[in-house]
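Asks: Please build the complete structure, drawing on both the sequences and the hints.
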Amino acid sequence: MVLRGKFIVIEGPDGAGKTTQSKLLSQFLHSKGIKYLYTREPGGTKTGDKIRDILLNPESKISNMAECLLYASARAQLVNEIIQPALNEGTWVIADRYLHSSIVYQGMGLDLGIDIVEDINKIATTGLMPDVTFLIDLDTNTSLGRINRSKDRIESRGEVYFRKVREGYLNLAEKYGMIKIDGNKSVEEISLELIKNIPLK
6 MVLRGKFIVI EGPDGAGKTT QSKLLSQFLH SKGIKYLYTR EPGGTKTGDK
56 IRDILLNPES KISNMAECLL YASARAQLVN EIIQPALNEG TWVIADRYLH
106 SSIVYQGMGL DLGIDIVEDI NKIATTGLMP DVTFLIDLDT NTSLGRINRS
156 KDRIESRGEV YFRKVREGYL NLAEKYGMIK IDGNKSVEEI SLELIKNIPL
206 K
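Under this note's numbering, the first residue of the sequence shown is numbered 6, with each subsequent residue one higher.
Quick caveat, the hints were computed from the structure, so don't treat them as lab data. Don't take every hint at face value.
[To be verified] In the DSSO-like style, the derived pairs of lysine-lysine whose C-alpha atoms are separated by at most 30 Å in a straight line are:
1. Lys201 x Lys185
2. Lys28 x Lys169
3. Lys201 x Lys40
4. Lys66 x Lys11
5. Lys169 x Lys190
6. Lys40 x Lys11
7. Lys40 x Lys169
8. Lys66 x Lys37
9. Lys169 x Lys37
10. Lys66 x Lys206
11. Lys55 x Lys37
12. Lys51 x Lys66
13. Lys201 x Lys11
14. Lys185 x Lys169
15. Lys185 x Lys206
Replies: Dropping the structure here:
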């Protein structure tokens with residue numbers, strides 16, 4: 006019988022270093038001989054990448070609820086096509102964002118409400134939850150300072166929006182038992198904290 010792979014999610018605001026840490030964690034798993042898969046959101050599938058282009062294009066005119074449903078659609082495809090099959094085969098999945106992002110970015114940031122966004126995404130993911138979720142926490146001013154000058158549609162939103170996002174993450178961390186890591190630490194320090202908290206056994 007094949008043991009199910011572990012599902013590890015790395016969350017945090019824009020500029021927190023999620024992608025860097027996801028790749029470092031992937032390298033660590035490779036060094037241990039653990040088969041893994043790296044995913045990012047939105048996207049990760051042909052369908053999801055098309056949705057990503059719509060969502061991040063500054064010229065896209067999308068209602069708040071449409072945005073929420075598009076993210077959920079991309080996530081549903083990713084879970085069905087990539088994540089769940091990989092886990093069933095014993096492959097670990099390292100995800101750069103998951104449903105927590107929608108709960109805070111659309112639920113809190115866009116004021117759609119945490120409960121409704123949570124419900125939509127639980128349906129989209131068929132209830133699949135991570136084994137471990139890390140939150141790389143970063144204060145809003147630092148986060149905004151790290152975002153590239155060439156901003157996408159989401160990154161172009163103002164400081165008030167991103168303060169709501171951070172507040173949402175901090176509230177969600179307690180609710181979902183996320184492991185919070187100080188995003189002001191060095192890349193190496195953050196990487197070590199992630200590694201010591203993953204369930205290798």
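Asks: Taking the hints in turn, state whether each one holds.
Replies: Hints versus structure:
1. Lys201 x Lys185: Roughly 13 Å separates the two Cα atoms, so the pair holds.
2. Lys28 x Lys169: 27 Å, holds
3. Lys201 x Lys40: Satisfied, since the Cα-Cα distance of roughly 18 Å is no more than 30 Å.
4. Lys66 x Lys11: Given pair Lys66, Lys11 is violated - Cα atoms ~37 Å apart, limit 30 Å.
5. Lys169 x Lys190: 23 Å, holds
6. Lys40 x Lys11: Within the cut-off at roughly 10 Å; holds.
7. Lys40 x Lys169: Violated, at about 37 Å.
8. Lys66 x Lys37: 45 Å, violated
9. Lys169 x Lys37: Answer violated: Lys169 to Lys37 is near 38 Å, above 30 Å.
10. Lys66 x Lys206: This hinted pair is violated, its Cα atoms lying about 47 Å apart.
11. Lys55 x Lys37: 34 Å, violated
12. Lys51 x Lys66: At roughly 22 Å apart (the allowed maximum being 30 Å), Lys66 and Lys51 satisfy the hint.
13. Lys201 x Lys11: OK: Lys201 and Lys11 at ~15 Å, within 30 Å.
14. Lys185 x Lys169: This hinted pair holds, its Cα atoms lying about 17 Å apart.
15. Lys185 x Lys206: With Cα atoms ~21 Å apart, Lys185 and Lys206 stay inside 30 Å; holds.
Going down the numbered hints, you'll see the structure goes against 4, 7, 8, 9, 10 and 11, while the others check out.
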